[in-house]
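There are 2 protein chains.
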Amino acid sequence: MSFSRIAILAPGLIGGSAALATSQAFPKAKLVIWTRRTESIPAIRHLFPNAEIGTDPALVRGSDLVLLGAPPSALPSLVQSILPHLSPTTLVTDVSSIKESVEKSIAPLLQGKAHWIGSHPMAGSEESGLTAARANLFQKAPVILTPTSSTSPETVRDATTFWKALGARILTMSPSEHDAQVARISHLPHCIATTLVLAAGTSSLPLAGSGYRDTTRIAAGPSSLWSEILLANRTEILASLKTFGTSLAQLTSAIEKSDATALTNILQEAAQIRRTLPSS
Amino acid sequence: MSFSRIAILAPGLIGGSAALATSQAFPKAKLVIWTRRTESIPAIRHLFPNAEIGTDPALVRGSDLVLLGAPPSALPSLVQSILPHLSPTTLVTDVSSIKESVEKSIAPLLQGKAHWIGSHPMAGSEESGLTAARANLFQKAPVILTPTSSTSPETVRDATTFWKALGARILTMSPSEHDAQVARISHLPHCIATTLVLAAGTSSLPLAGSGYRDTTRIAAGPSSLWSEILLANRTEILASLKTFGTSLAQLTSAIEKSDATALTNILQEAAQIRRTLPSS
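Sequence order for the protein chains is A and B.
Once you know that position 251 of the first sequence is 251 in my numbering, the rest is easy, because the numbers rise by one and skip nothing.
Once you know that position 9 of the second sequence is 9 in my numbering, the rest is easy, because the numbers rise by one and skip nothing.
The hints are simulated quantities; they were obtained by calculation from the structure and are not laboratory data.
Treat the hints with care, since some could be wrong.
Copies of the same chain are indistinguishable here, so a pair counts whether it falls within one copy or spans any two.
Here are the simulated DSSO-like pairs of lysine-lysine, each with C-alpha atoms no more than 27 Å apart in a straight line [stated by the list, open to error]:
id, residue 1, residue 2
1, Lys257, Lys104
2, Lys164, Lys113
3, Lys164, Lys30
4, Lys257, Lys242
5, Lys140, Lys164
6, Lys104, Lys164
7, Lys30, Lys113
8, Lys140, Lys28
Start from the sequences, fold in the hints, and give me the full structure.
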């Protein structure tokens, strides 16, 4: 497919970054940005002087790609609003951190109306909103595509082309596999960073070094969005939290017993796993 | 005091970084570097061509400041070895992450032989060793000094002057207060990052984004050193782990009950605390 008209809807951190990266990756494409709030238009126009910008869902008409930047709970009504303006060849995707519930709510709406595939860029920041957006957010970042049995190979290929052009590396799995894996690698870390901030408290914050800073960074993220994500992926996250509890009990026991061998083994095992991760 | 001869013993990540920063902050001072192993000398000489370098503890003779870079368990024998070469006006300090046990083992050895004060630079990396050292490691980093009733104001002042020259900001507290606070802000995060790596496992590592990366970075640190630190500060760390467990149970319960209000409140409270931390 050609990407000659690309619509990005609800540009926050992720959508806004995608818009910035799209401007660079597809300089000849017409960029279209839809926002729910009229008062957001001047800030968007400042960043994207050549884009078509507005609050009318009809803006998406004629787009090859529609990227939904809204949080999961806002997606069904957003998709309903653009339905009359989609063509059967339009590629529609999202950026949600949860996929199975989004698939269930969005795929039936779009069936026969557009080509739909879920996307989850594993990129972000503790910041949120368009002001935190940056063009290089997706450089080397994993983007997970979640095709189902209804997804055509062409849709996977086109979504891959788009995200690769933005710098991402692509992984493909089912929505349910996505939710299980992301529970472990993203949602659990968010739960744990949050708990760590609360447990460490405020009195020792002046002593905080880079260790505390990095370990807790994501806990500063947007609370209502994270609450929505954690509850939507509740079952998988509870399973991850249970595994975490078992590991924590083992580490605690080694410290309680002053068992240097057991404790060193635990630390060593984690260090070996963590060192397998490329540094960027 | 004048810093005309500065001895750095056992230069790993912290000691080596202190040596690099000292070269810049005190360009007229003679830098002396002691290492336990002859085979380390060429790498040290490569980094510090103008330093006096060797394995003989007598190297410290005439130094105004002796910085002990060795891990806590190695400090008593290291201090014993340099005792004959210290002058009563020499300032001796360390870089250990634990302070009460170090104070008990080191202060009696040095009493009347040198001016002793514990230091803990809250800086580091998941890397270790001289190859990871960098001159700017202490820029804006907290360095905690732990004077006791035996410590003279001049000793506190001189240690402050030294670390400030290396770019650090100084906090001062008793060794026991240090251990309690650092348990919460550094040792607990290390335990939690380690547990998180083990609970998240390896199968989802290809999906890891910046959240997992930052949250778990410190878990790649040196295992035997961390085992030693965690066991030396065992009581305080167990108390912190207990607090963490209580907080984690609250978060888990909110997810179990799908209680969006409770969950959002927990996330919001942590986000508010974390956002009070300056960005660097």
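Classify it for me, Lys104 with Lys164: is the Cα-Cα distance of at most 27 Å met within a copy, between copies, both or neither? Within one copy only: 26 Å inside, 58 Å across.
Can you tell me if Lys140 and Lys28 fall within 27 Å by alpha carbon in one copy, between copies, both or neither? Classified as within; 23 Å inside a copy, 45 Å across copies.
If the cut is 27 Å between Cα atoms, do Lys140 and Lys164 qualify within a copy, between copies, both or neither? Within one copy, since 9 Å is at most 27 Å while 38 Å is not.
I want to check one pair: Lys257 and Lys242. Are their C-alpha atoms no more than 27 Å apart within a copy, between two copies, both, or neither? Classified as both; 23 Å inside a copy, 15 Å across copies.
Pop the pair Lys30 and Lys113 into one bin, within, between, both or neither, using alpha-carbon distances up to 27 Å. within (22 Å within a copy, 76 Å between copies)
My question is about Lys164 and Lys30: at a cut-off of 27 Å on alpha-carbon distance, are they close within one copy, between copies, both, or neither? within (19 Å within a copy, 54 Å between copies)
Lys257 and Lys104: within-copy, between-copy, both or neither at 27 Å Cα: between (49 Å within a copy, 22 Å between copies)
Could you figure out if Lys164 and Lys113 sit no more than 27 Å apart (CA to CA) within one copy, between two copies, both or neither? within (25 Å within a copy, 65 Å between copies)
The structure meets every hint from the earlier list without exception.
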